[in-house]
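Model the full assembly from the supplied sequences, consistent with the hints where possible.
Chains as they are written, first to last, in the working numbering: chain Z, 1 to 278; chain B, 1 to 261; chain L, 1 to 348.
Derived from the structure by calculation, the hints contain no laboratory data.
Quantities reported herein were computed from a predicted structural model and do not represent experimental measurements.
Cβ coordinates follow ideal geometry from the N, Cα and C atoms, glycine included.
Certain hints may be false.
[Stated by the list, open to error] Reference excerpt, derived from the structure (chain L facing chain Z, CB under 8 Å, subset only):
| no. | residue |
| --- | --- |
| 1 | V131 |
| 2 | V264 |
| 3 | M313 |
| 4 | P314 |
[What the hints assert, rightly or not] DSS-like, lysine-lysine: derived pairs with alpha carbons at most 30 Å apart:
| no. | chain 1 | residue 1 | chain 2 | residue 2 |
| --- | --- | --- | --- | --- |
| 5 | B | K74 | B | K89 |
| 6 | B | K134 | B | K148 |
| 7 | B | K89 | Z | K74 |
| 8 | B | K148 | B | K89 |
| 9 | B | K74 | B | K134 |
| 10 | B | K215 | B | K89 |
| 11 | L | K115 | B | K74 |
| 12 | B | K89 | L | K115 |
| 13 | B | K134 | B | K89 |
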Amino acid sequence: MLGGIYALLGIGLTLIFGIMRVVNFTHGELYSFGAYMMFALVMLLHVNFFLALPLAMALGVALGAAIEFILLRKLRGADIDTTMLVMIGAWIAMQNLEQFIWSGVAKSVRTPFPSSPLVLGGLSVAWSRLFVFAVAIVLIGGTYAVVDRTRLGRAMRATFQDSDAARLMGVDIDTVYLSTFALGSGLAAAAGALLGPIFVVSPGMGDLAALKAFAVVILGGMGSIPGATIGGFLLAFIEEMGAGYVSSGYRDAMGFLLIILVLVVRPTGLFSRQERIG
Amino acid sequence: MNGNPALSVDRLSIRFGGVTAVEGMTFAVQEGEVLSLIGPNGAGKTSAFNAITGYLPAAAGDIVYRGRPLNGLKPSSIAALGVVRTFQKTSVFSGRTVIDNVLIGLHLQSRQHPLAIILGLPSIAREERRLVEKAREVLQFVGIESRKDELASSLAYGELRLLEVAVALAARPALLLLDEPVAGMNSIETASFMETLGRIRASGVTVLLVEHDMKMVMRISDRVLCLNQGRIIADGSPSEIQRHPEVIRAYLGERHARAEG
Amino acid sequence: MRRAATAALLAFLISIPLWVGNLYVLHVLIVTGIFTIAAMSLNLLLGYTGQLSLGHVAFFGIGAYVSSLVSLGFSVHLAPDCLVTLGPQPVWFAMLWAIAISGFFGWAIGRISFKVRGAYFVIVTISFAEVVRLVALNWDELTNGPMALNNIPPLSLSIPGVIDFSFIGKVPNYYLVLAAAIVAYVVIARLVHSQAGRAMIALRENEPLAMSVGIEVTRYLVLSAVVSAAIAGMAGALYAQYIQIVDPNIFLFIYTVTMVIMVVVGGKGTLAGPIVGGMIFGLLPEGLRSLEIPPELQWVAYGVLMIVIVSIMPSGIVPALARWWNDRVHANARPAEASQADARQAAQ
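Set out below in structure tokens:
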């Protein structure tokens with residue numbers, strides 16, 4: 001199940017990374033934003049759980065669009081250092097704003113699922129996790145469909161290959177960038193909204209999520225959706241293995257060690273295929 | 001001009017991005033001569049430069065300089081052997097002053113050990129003074145010494161290109177590769193550059209030149225090579241090349257294509 | 001003129017403990033000083049060589065831990081039947097080890113930076129810092145994990161019969177940190193104004209051109225990383241012996257961000273930049289705290305500040321000020337230059 005979440009995070013980031021060439025440090029914050037929105041919608045505003053989920057994701061999309069419009073648009077031509085530093089500044093501001101608004105105490109979101117697990121011939125799976133997995137798969141599939149089938153998706157792919165050529169062919173770069181960032185942010189928010197009710201919601205949760213998203217992008221190659229999907233599940237698998245062999249404390253370290261190892265051996269990621277996304 | 005070949009390129013092929021930029025290129029540059037590479041755009045001239053100086057890998061073929069094979073060496077190692085190049089697109093350290101640019105170019109002329117630097121040994125200060133003197137000499141040679149404390153970004157175009165040459169000269173090349181050095185220069189700047197090139201050549205440096213300005217090429221070269229579509233189609237003295245049918249066809253073809261498209 | 005200003009500044013800094021009695025203020029100055037040293041070291045790698053290393057706190061923390069472990073002594077099982085023990089060592093010896101081991105990790109990162117570029121390098125450095133943090137958190141036997149290393153002894157100089165002095169208390173530590181900061185500054189300044197420094201800057205500004213004149217990329221990336229890491233390690237060791245407790249939270253990303261903000265806002269690629277940045281972001285939080293502005297909002301402000309500064313003065317405060325000063329000084333010279341250029345145009 002975590003694999004699905006990692007894949008969601010990774011896909012969003014790899015799209016932004018690949019198409020816009022921006023290192024999105026706010027990705028983790030959108031993850032926690034999604035979780036906090038779920039908390040606000042379900043626990044404070046008493047919105048139905050299943051309605052709150054798409055709403056939280058939609059809010060994530062909106063926030064992503066806002067970030068792109070306000071911050072990134074102006075930095076279009078700037079070098080990568082400047083953009084990265086601006087994103088870091090945004091990340092700090094967002095996380096601390098979140099901490100200020102919601103206070104550092106962890107919050108929990110009630111789910112409408114029965115607490116007793118579903119038993120399928122020897123395997124017992126919690127309903128909530130099954131649900132998360134299912135939604136994640138749907139979202140992954142949906143993203144793939146958008147990128148592969150729609151006009152916008154084609155525009156995104158063209159921009160990924162060669163943004164100058166795409167512009168000359170009439171692709172509206174502004175729309176592409178806006179949609180890419182909004183979509184990526186929406187996916188991150190969805191991941192947070194899905195996972196928040198399962199674990200707890202706290203301000204720092206975005207950091208770890210962001211780093212894992214980066215790990216997935218590196219495993220899967222920048223800009224490759226199938227790569228990010230495979231990478232997401234691969235990372236979850238490796239974490240499980242690692243936690244078993246070494247100790248559960250090092251579970252999170254597995255991902256990072258993997259990043260370092262992969263990049264040292266293959267500096268452009270495992271599955272990096274320059275031409276494709278989707 | 002039968003000297004010893006300084007640089008010999010043997011069946012060089014360069015491929016990247018699915019395109020064959022250069023195929024089976026074979027030529028030699030003699031010590032002390034000025035050899036020009038001409039040819040329509042996309043003929044592979046800059047790719048050849050890139051392969052010779054280590055910026056691009058050679059798919060096939062050998063590149064040998066004064067008996068040392070250059071294949072697979074890093075650009076900085078090739079520079080250390082005395083082969084220095086300039087770039088087609090104006091390339092300087094634009095945030096630094098003119099003299100700083102040349103000081104960077106003098107990198108190979110100095111051996112300052114990090115430990116000596118950190119300890120602040122007097123030898124370092126002496127070395128720095130010596131380098132500043134050398135930098136001023138190089139700037140004088142090229143003719144822009146008066147601009148030494150200005151930011152490179154504030155130079156006029158012609159002076160910028162002279163600065164590029166100064167930086168390359170600071171590295172004390174025995175073989176200098178110039179990539180379209182007078183592109184974009186007016187006739188006065190070009191004439192002044194040719195004079196500088198003459199002085200470079202007189203100081204014993206071998207020069208390999210890529211240029212489109214035919215007048216300059218014909219006046220200054222000992223020999224001319226013409227490339228088209230990655231292959232050498234002519235090799236001879238300037239006057240021979242001017243009358244060479246293949247060369248004329250290659251250039252006419254380009255003009256023809258430009259007229260149509 | 002510059003010499004006099006520097007001397008005056010130094011005299012001022014040296015005099016501070018004489019007229020500042022408030023121990024808390026001294027404490028803030030000491031911690032600010034330590035972080036400024038770390039910022040200066042980051043500036044060498046990030047500002048001068050252009051390597052976006054966002055794992056710098058790893059070197060700081062490694063320095064702190066190595067210094068603490070060597071001065072406290074430790075015993076750890078490297079394998080089930082392989083017990084490695086070290087008795088407590090003099091603190092100055094421990095600090096040298098801290099510098100050496102941090103420097104070693106700097107070397108490793110430097111070598112990696114050559115192969116792994118741009119955004120990927122950023123990710124590697126962040127991951128590296130995270131891995132180190134998790135190791136410190138989980139390797140209980142060596143590091144006490146979250147229980148922290150306590151009672152770290154302070155630095156002491158003892159030559160029997162001549163001197164026996166321990167840096168205990170605010171005032172001695174203030175001077176220790178000031179001395180260390182001066183040493184760090186001098187080392188970095190000498191490096192930056194030398195051939196090595198020019199090579200690093202060249203790599204940052206125009207790498208292909210730098211290569212074409214013989215500058216070996218790996219060599220100077222590594223040199224920059226090693227010196228940078230070693231100085232950060234020294235800062236970490238100073239911190240450990242002053243605060244006398246070290247726990248894995250020292251590796252939190254937020255501290256790297258603090259150093260990055262100090263360098264970027266203060267002025268990357270200048271010697272004064274990280275000092276200005278260090279002063280601002282070391283002292284400002286204290287000032288704001290007395291105004292009772294909650295720390296989260298402060299950080300929101302810092303984030304916004306960083307965005308603003310990076311957008312309008314990308315090189316930071318110090319270079320912007322220097323440019324403004326230069327423009328004012330040269331305002332009179334410009335008309336002469338303009339007419340010279342006109343004359344040249346006319347002659348063509």
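Status of the hints after comparison with the structure:
At its closest, the beta carbon of V131 of chain L sits 5 Å from a beta carbon of chain Z; the interface hint therefore holds under the 8 Å criterion. With a least beta-carbon distance of about 6 Å to chain Z, the hint placing V264 of chain L at the interface is held under the 8 Å criterion. Taking 8 Å as the C-beta cut-off, the interface hint given for M313 of chain L is violated, the closest approach to chain Z being about 11 Å. Checking P314 of chain L against chain Z: minimum C-beta separation of about 5 Å stays under 8 Å; hint holds.
For a cut-off of 30 Å, the pair hint linking K74 of chain B to K89 of chain B stands: about 21 Å separates their Cα positions. For the suggested pair K134 of chain B and K148 of chain B, the alpha carbons sit about 12 Å apart, so the restraint of at most 30 Å is met. Our distance criterion of 30 Å between C-alpha atoms is met by K89 of chain B and K74 of chain Z, whose separation comes to about 27 Å. Restraint check: the Cα-Cα separation between K148 of chain B and K89 of chain B comes to about 22 Å, which is no more than 30 Å; the hinted pair holds.
For a cut-off of 30 Å, the pair hint linking K74 of chain B to K134 of chain B stands: about 26 Å separates their Cα positions. For the hint linking K215 of chain B to K89 of chain B, the alpha-carbon distance of about 21 Å falls within 30 Å, and the restraint holds. Only pairs whose Cα atoms come within 30 Å are accepted, and K115 of chain L paired with K74 of chain B is accepted, the gap being roughly 14 Å. For the hint linking K89 of chain B to K115 of chain L, the alpha-carbon distance of about 26 Å falls within 30 Å, and the restraint holds.
A hinted pair counts as satisfied when its Cα atoms are at most 30 Å apart, and K134 of chain B with K89 of chain B qualifies at roughly 26 Å.
The earlier numbered hint that this structure contradicts is number 3, and it is the only one.
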